[in-house]
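First to last, the protein sequences are chains A and B. The numbering used here numbers the first residue of the first sequence as 10 and each following residue consecutively. The numbering used here numbers the first residue of the second sequence as 2 and each following residue consecutively.
Everything labelled a hint here was simulated from the structure, so no lab data went into it. Backbone N, C-alpha and C define an ideal beta-carbon position, used for all residues, glycine too. Take these hints with a grain of salt, some might be off.
Unchecked claim - Output of the computed footprint for chain B on chain A, the stretches with three or more beta carbons under 8 Å from beta carbons of chain B:
1. 12-21
2. 85-99
3. 125-138
4. 152-162
Stated by the list, open to error - Below, a sample of chain A positions facing chain B; criterion: calculated Cβ distance under 8 Å:
5. 276
6. 279
7. 282
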Amino acid sequence: MFTFWEIVLQQFINGLVLGSFYALVALGYSMVYGIIKLLNFAHGDIYMAGAFTCLSVYSLISGYMPGWLGISLAMLAAILASAILGYIAQRVAYRPLLSAPRLSLLISAIGVSLVIYNAVMVMTNSKAMFFPGGINKSTGISYGHVTITYMQISLLAAAFAAMAALTVFISRTKLGKAMRAIAIDTDACYLMGINVNAVISFTFMLGSGLAAVAGGMYCVYYGNVQYSMGYLVGIKAFTSSVIGGIGSIPGAMLGGLLLGLLEAFGTQMLGSSWKDVFAFSLLILILAFKPNGLLGKPEVARM
Amino acid sequence: MHEKLKKTLALLLAALAIASFAAGCGGTNSGGGGGSGGSGDEEEILIGVMVPTSGSEAYYGTDMYQSYMLAVEEINKAGGVLGRKLTLLQADDGCDSNIATSAAELLISKNVDFVVGGYCSGATVAAMQLYFDEDLLLLISAANSTGITQLGLDTCFMLNSPGSHAAVTLADLCKSVGSSKVALIHNGDEYPQNLSKLCEDELPKHGIEIATVQVVDKGASDVSSVVTAIRNAEADFVYWCGYHADGSNVIKQLRQGGYEGDIAVGDGSASVELITACGDAGEGVYVTSPPFVRFAEGGDRFVADFKAMHNLEPGAYATLAYDTIYVLKEAIEKAGTLDTGAVKDAVQNINYKGLSGTIKFTPDRELEISNFIIIQIVDGDFQLVTI
Chain A
10 MFTFWEIVLQ QFINGLVLGS FYALVALGYS MVYGIIKLLN FAHGDIYMAG AFTCLSVYSL
70 ISGYMPGWLG ISLAMLAAIL ASAILGYIAQ RVAYRPLLSA PRLSLLISAI GVSLVIYNAV
130 MVMTNSKAMF FPGGINKSTG ISYGHVTITY MQISLLAAAF AAMAALTVFI SRTKLGKAMR
190 AIAIDTDACY LMGINVNAVI SFTFMLGSGL AAVAGGMYCV YYGNVQYSMG YLVGIKAFTS
250 SVIGGIGSIP GAMLGGLLLG LLEAFGTQML GSSWKDVFAF SLLILILAFK PNGLLGKPEV
310 ARM
Chain B
2 MHEKLKKTLA LLLAALAIAS FAAGCGGTNS GGGGGSGGSG DEEEILIGVM VPTSGSEAYY
62 GTDMYQSYML AVEEINKAGG VLGRKLTLLQ ADDGCDSNIA TSAAELLISK NVDFVVGGYC
122 SGATVAAMQL YFDEDLLLLI SAANSTGITQ LGLDTCFMLN SPGSHAAVTL ADLCKSVGSS
182 KVALIHNGDE YPQNLSKLCE DELPKHGIEI ATVQVVDKGA SDVSSVVTAI RNAEADFVYW
242 CGYHADGSNV IKQLRQGGYE GDIAVGDGSA SVELITACGD AGEGVYVTSP PFVRFAEGGD
302 RFVADFKAMH NLEPGAYATL AYDTIYVLKE AIEKAGTLDT GAVKDAVQNI NYKGLSGTIK
362 FTPDRELEIS NFIIIQIVDG DFQLVTI
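Chain A extracted, bound-state conformation (with noise of 0.2 Å):
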């Protein structure tokens, strides 16, 4: 049924896909790593968090204007949501341990994923929730037995733009400047008279809101938004991170679609059973080779 070449390019796109989410949420990650050298493991539930907001608020207003609109709308509050939620855990778990050891602030983090995770158990009652119909998801472009949906065109789209406003954002903005600086070096910064603390909170903001757009692309496109959804996702982006080069905000964007095509293609290699050995193994591979990841630096010791 399938050519050879029509496999490869299907699987390609499959891997594209999915491989997109998982870098929309290593950035975050990789960003707050950058930063405050801590493993946000809050980040996979902040995630979740914005693909329910973003269902609640469509399932709300869904009624009252066209559907791409309140997609839209669902989707801003689903960033502001998280944002916010982003910004509280940073100011009450995190602020307050900086400078106490790494440790201490991973712990905080697991709690506040704990807190997050258990709080939307809690209030969906643990039930799915479906998003409601009404987009057409099925059609597409063909070309032989290879499908790509508009729906996965605009997903990829959306993820490519946010992911390259990004790239631009840190590049050439002061605030993006800034935070590249205090990723070298935070006392440095502090004696330039930069708001350290002020910066540290837009980083988290940020980062959550990217996670927000995943998982407001989630929701819209796979229908189904459940409390444990963040699970799955934080630890295959945090993967993602790691093998990009944590810290590094290109290495996050490779490392996920690197993950994402290497799901995909040893589900077509070796079965769906093993796509994570197989996944995993060439992961461990480039680690062993590249231990900083594909695009981290080399960890300077500083005197």
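Starting from the known structure of chain A, arrange chain B on it as the hints suggest.
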């Protein structure tokens, strides 16, 4: 590490629940009987109920518990069993092996006389040995992995048809729609994996080829690469062996990914929620289903009573749960005592005609006659299919 901590927390919560029971504030969880939740009462027969009321399968667990409540209320109104009233004591197994063992310990510590329940096979298997060690009779209403009876614990009976019956039903369905190449998908859980394996063994006996067997992660979002693999294997029939939340994802993405053949889902997905979750993609999907109440003989009265009591529609396992209590009642009355050995023998020899069909056990304590039916989503609702 992350997940472990979540589990640890769940265990802690369970421990807290036990503590609060011990402190005597557990009254909310016992019901159906005379109203008082006291377990030391000589007059009452205390039935432990182990079902998931939290987690992904909470819907089914709650549905089953509500059905038990209905049966118990009816029996109590009619004078109880051996002149004694029935009281339920519920414990949440969370569809999780760890939580299930704490649930079992909770029920055992409350000196329950019998235990009913069991929705998720994995959680049920984890708790069974504990009941067996305490010489407690366990009537399993819904969980139906053949792994349960293979443990050989002779106080545990399975009132739902085992997966092997579903495999036969699936073979009949495939033949009737003219499919010859079937793709199986499961999610690695105890029952779905068991069902997939049973189908793998059964279908070739009917001349049906297994095109491919695929696994998706529990809670995984994107299965498009699995869809491509299935299309590439040229399957003309896809059978989803898992539960409905992930199942809706699989169905939608099969259709999005351009798969045009027939789709069927196993009994784990037999829920009206499947219809809502799938939307348009669900049209035409078959379900090898447990005895759905609205297609059961005498089901109307049950639905009406259930609605009157809970203001809700009964779900897919309500009939089995309802029958479970009546089987227990009949067995106790035949035995004339609450002694586990005597009641166990009575259950073994029972021949009860209930809402879910004829309940009669093989020596392996499995149901003798299959209770599976085939239903299909037509115009956004389930319809009975006769083949």
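Hint by hint, here is what the structure shows:
Only residues whose C-beta sits within less than 8 Å of a C-beta in chain B count toward coverage, and the stretch 12-21 of chain A has 3 of them, enough to reach three; the restraint holds. Given a C-beta distance limit of less than 8 Å, the hint that chain B covers the stretch 85-99 of chain A is violated, as 0 residues qualify and 3 are needed. Judged by the Cβ-Cβ criterion of 8 Å, the stretch 125-138 of chain A is covered by chain B as claimed, because 7 of its residues qualify and three suffice. Only when three residues or more bring their CB closer than 8 Å to a CB of chain B does the claim for the stretch 152-162 of chain A stand; here the count is 4, and the claim holds.
Look at residue 276 (chain A): its Cβ gets to within about 4 Å of chain B, closer than 8 Å, so that hint holds up. About 10 Å separates the beta-carbon of residue 279 (chain A) from the nearest beta-carbon of chain B, more than 8 Å, and the hint is not met. Interface restraint check: residue 282 (chain A) against chain B, minimum CB-CB distance 4 Å, threshold 8 Å, status holds.
In terms of the numbered hints stated before, the structure departs from hints 2 and 6, listed from lowest to highest.
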